[in-house]
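Given these sequences and hints, build the entire structure.
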Amino acid sequence: MHELGITHEILEIVLRYARRHRVTQVSKVLLEIGELSDLEQEWIQHYFDAISRGSVAEGARIEVKKLPCRFFCRQCGNEFVTTLTNDEPLICYGCGSEAVEMISGSEYTVKSMEAT
Amino acid sequence: MREVRLIQIEEDIQADNRLEAEKVRRRLEEAGTFMLNLMSSPGSGKTSLILKTIEAVQSMRTPAIGMAVIEADMDSQVDAETILDAGVPAVQLRTGGFCHVDSYMVAKTLPSLDLEPIDLLILENVGNLICPAQSDTGANSNVMILSVPEGDDKPLKYPLMFRECEALVVNKSDYLQMGDFDMDSLRRRAKKLNPEIEIFEVSCKTGAGVQQWAEWLLRKIGR
Ligand SMILES: Nc1nc2c(ncn2[C@@H]2O[C@H](COP(=O)(O)OP(=O)(O)OP(=O)(O)O)[C@@H](O)[C@H]2O)c(=O)[nH]1
Ligand SMILES: [Mg+2]
Ligand SMILES: [Zn+2]
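Respectively, the protein sequence lines represent chains A and B.
For the first sequence, numbering that gives the first Met the number 0 begins at 0 and goes up steadily by one.
For the second sequence, numbering that gives the first Met the number 0 begins at 0 and goes up steadily by one.
It is possible that some hints are incorrect.
[What the hints assert, rightly or not] Chain A regions said to be covered by chain B (calculated; three or more residues, Cβ under 8 Å):
id, region
1, 7–18
2, 29–43
3, 84–90
4, 98–111
[As the list claims (entries may be wrong)] Computed cross-link-like contacts, DSS-like style, restricted to lysine-lysine with a CA-CA straight-line distance of at most 27 Å:
id, chain 1, residue 1, chain 2, residue 2
5, A, 64, B, 191
6, B, 153, A, 65
7, A, 110, A, 65
[Claimed, not checked] Example chain B residues on the side facing chain A (calculated, C-beta under 7 Å, incomplete):
id, residue
8, 1
9, 5
10, 6
11, 7
12, 8
13, 10
14, 11
15, 13
16, 17
17, 126
18, 130
19, 159
20, 191
21, 192
22, 196
Calculated from the structure, these hints are not laboratory results.
Think of the CB as a built atom: it goes at the ideal place given N, C-alpha and C, for glycine as much as any other residue.
Below, the structure written as structure tokens:
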């Protein structure tokens, strides 16, 4: 299972920051996950509950913010959100150019945490 | 009662794995070895393509290209033995039931190979289109196989895999006449996710397209 390994990485990052900030209790962890990346929040929470037991992160709630695929147009500078998993052509909504590049949508990040 | 604080983190979940992957790449570079990470669903033809590639590459270049294979098949030794029978060193990587190979597993496996004579090292990843896409193995190039019976809609379901690969081998092209697999739709969908992706139509059964694929690979490794 992919999620267990990922959850270990998340907990390690959280505990590293908890030590650095002399935290006594982590109450919430915010993840930012791009639309193209795969992550099941339910499983992450389940594993996190199990492996964080006895640490300052025990009982923390995992929140996942899904980020859509966002593009930048090199032609006109427009930024737009679109989906890559359909049969529509990938062109700028502003000018119709194909010279677009993805600027977000594949994130896999521990964004922040709430703690006391 | 202490006040709740918001602590900014902004760390990539895969950062440690990526650092280890860079170490793997440095080791490969020192030995002059090019590593290819081959991914696909179970049964799409990873082992078959490796065997065809060994055959094609050996007949195309003198002096011979040194090759080896890392097999990450779930529990069996079958694939590793098949490769060994073809006269190429193969080692079994133990994933312990894991759904993909990461750079730590590769780093642990490399010492069991003598890298010096190896120009091309192929990793047969675990059969799965989701998890392996997420994890840097330390390879120099990621390549995926999609076999015709799986359908032309797979880019819509597994977008990350198509984005992370430099090349897509569409295998079992001998089935193209029999079904409703639309090669143009597949190309369009794959290119939308990854405009740079190279697409090869191959049949490991008839050998069609193997030559073009092998030529691309040899160019990649600089031979
Ligand atoms: N018709 C046809 N069959 C093929 C082709 N390539 C592979 N096969 C068959 O497909 C089956 C699976 O091939 P493998 O090479 O074992 O696939 P794999 O991806 O290594 O499979 P796992 O390691 O089990 O995930 C075998 O029975 C092959 O003979 C092809 O181009 N055409
Ligand atoms: Mg195989
Ligand atoms: Zn534009």
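Hint check results:
no.	hint	result
1	7–18	holds (count 6)
2	29–43	holds (count 4)
3	84–90	holds (count 5)
4	98–111	holds (count 6)
5	A:64 with B:191	holds, 25 Å
6	B:153 with A:65	holds, 22 Å
7	A:110 with A:65	holds, 12 Å
8	1	holds, 4 Å
9	5	holds, 6 Å
10	6	holds, 5 Å
11	7	holds, 5 Å
12	8	holds, 5 Å
13	10	holds, 5 Å
14	11	holds, 6 Å
15	13	holds, 6 Å
16	17	violated, 10 Å
17	126	violated, 14 Å
18	130	holds, 4 Å
19	159	holds, 5 Å
20	191	holds, 5 Å
21	192	holds, 5 Å
22	196	violated, 13 Å
Hint violations for this structure: numbers 16, 17 and 22, all remaining hints satisfied.
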